[in-house]
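Starting from the structure of chain A, add chain B where the hints point.
Chains A and B, in that order, give the protein sequences. Mapped onto my numbering, the consecutive letters of the first sequence carry residue numbers 1 to 139. Mapped onto my numbering, the consecutive letters of the second sequence carry residue numbers 1001 to 1480.
In short, the hints are calculated from the structure, not lab data. The model shown is predicted, which means the values in this text are computed figures rather than measured ones. It is possible that part of the hints are untrue.
Stated by the list, open to error - Listed below are the simulated EDC-like cross-link pairs for lysine to aspartate or glutamate, each with C-alpha atoms no more than 20 Å apart in a straight line:
{"#": "1", "chain 1": "A", "residue 1": "K4", "chain 2": "B", "residue 2": "E1440"}
{"#": "2", "chain 1": "A", "residue 1": "K52", "chain 2": "B", "residue 2": "D1247"}
{"#": "3", "chain 1": "B", "residue 1": "K1226", "chain 2": "B", "residue 2": "D1215"}
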Amino acid sequence: MSFKITTDTGDAGLTAQAATPGYLLADLAAGFAALTCGGAIEERTARNISLKAESPESLAVNFLNELVFLADTEGFIAAAASVSASFKPGACELTAALLGETLAFERHQRGLLVKAATYHGLKIERAGGLWRAAIVLDI
Amino acid sequence: MDPRVKRLDPYRLEIPSTYKPGMNGRVIVYADEAIARDIETGALEQAANTATLPGLAGPALAMPDIHSGYGFPIGGVAAFCARDGVISPGGVGYDINCGVRLLASSLEAKSAAKSLEDLAHKLYAGIPAGVGAGGGLRLNRREQDAPLIEGAAWAVSQGLGRPEDLAHAESGGALPGADPRAISNRAMERGRGQIGTLGSGNHFLEVQEVTDIYDEAAARAYGLFKGQLTVMLHTGSRGFGHQVCTDSIEAMRAAAGRYAIPLADPQLAAAPFRSTEGQLYFGAMQAAANYAWANRQALTGLTREIFEKSFGLGEARLDLRLVYDVAHNIAKFEEHEIDGKKVNLIVHRKGATRAFGPGHPDLPADYAAVGQPVIIPGDMGRASYLLAGTARAMRETFGSACHGAGRLMSRGEATRRARGRRIADELAAKGVWVRASGRETLSEEMPEAYKDVENVVGVMAGAGIAKKVARFRPLLVIKG
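Only chain A is shown next, with the shape it has when bound in the complex:
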């Protein structure tokens, strides 16, 4: 798992790098959990996500916005994400199997309330054999 939380703006962000698009998106999901509640989540229930987008950038934004939606409506945070993804230009897609649980503050930290993933300063690129992502989240 390889992600970093960035806080160099009034909001927060995530950077990640991984060998495949699927691992990259799974790392972003782990970063989202760390931001929201410190990441100490157990694998109790499952959720599935399928998405298509024109670009890797839109796919990443839409994926994180799905995580925001699950957190905001159900309090669901993923402990682990198994993501299969393709960054084929014009036809990007993913299927994600999420395992996690509903936030319970007697067991979880109160972290940041992430409200949206944005296109601000968004980068998805392949360099040195790795996929790298940088994304800013509105909090």
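Leaving out everything else, chain B in the frame of chain A:
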């Protein structure tokens, strides 16, 4: 500062329309020398980018609390011709109709001092705030349209306010063009249980004392006196507004391509105001604005209830009146005069407050002579202000002013600087009781993370855009 940015006078800078290719007008930045030193280059670039959008009317504007946002800067104002200009969700922001309201009690702060600790505990327990707070009003899908159409009036109809509150909210606490059919199911789902919740980040409920009165006539009109106990409340449309913005950015990115609108930044995604996409967003945005007004009104009802219990006083004796409620993330259809001609504009205020001058027909009768109250929260350790809109603002800024102190430090830098310190204890030593539910909130929101609101307000007053009416100091602060 880039040498192409020219100082016009002690309070104004100009970014010329030649600053970058594609600009349709200049940008006026309200900043004195001290404020200008703290403005990030990225924020000025963003202000210049807003001037590249089609149909810009007059100059784009940047207020002294400007800092980098997504697409448009925060502290930005841009007006576009309703006939052939654009509307942009990036010019409104994610938290649609994030705003502030000010309530004034009949009590003097010194007489309430003994009850403040009890009040603090009751407010912290009774005002839902922070991550996973719950506690909001849960509406089923059939009930959800009413607040989207009626705004603050809906909350009043639920017993969470007084009918006279509505006259003291910008636009009466509801925009007439809200279209619930333009709202996605996802936004409806996110908004279902969040009316009556404060949220997190920089949102707050603050009990304050009026420390200074600068304009006796305006203060009298607004019902304020020195030493008075007041309440300031800052929140918006919660997850509902964010989902409306998220949905519309995707749609507008596609629309911008269809209408060949050049985008200097993907978050500037826009569509012609008169287009199907533009009208769909405008209808959805107005529904989200009304949701925010319903939210602030519901929190007002809760706050009054808690005050009455805590002080053991009835509603009439406590008289926690709404002074005013302002939106500071919104796009509004307004008529303004440009070069002697009246024109219909879509005025985008993102981190900027409407500041209509005396005599404007949209003001309530009791404030018509003194101008619109402009509520400027500072930070949780220093001060906040109430200003009044001026005739000059109508001529120069589409009746707009700043919205707050503006962030000076990133969250990371604030957290680093707060390491090893006890922010709550430091504030308590200054007489401010503060409580936050988030683990890092107090560090990220510590006073030094913000510009000094005195300087920001000083620029607005010096430039003649808004005049100072009253200053408030925080006594207790609840944050998410």
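So, going through the hints one by one against the coordinates:
For the hint linking K4/A to E1440/B, the alpha-carbon distance of about 17 Å falls within 20 Å, and the restraint holds. Distance check on the hinted pair: K52/A and D1247/B sit about 15 Å apart at the alpha-carbon level, within 20 Å; holds. At most 20 Å may separate the alpha-carbon atoms for a hinted pair to count; K1226/B and D1215/B meet this at roughly 11 Å.
Of the numbered hints stated above, none is contradicted by the structure.
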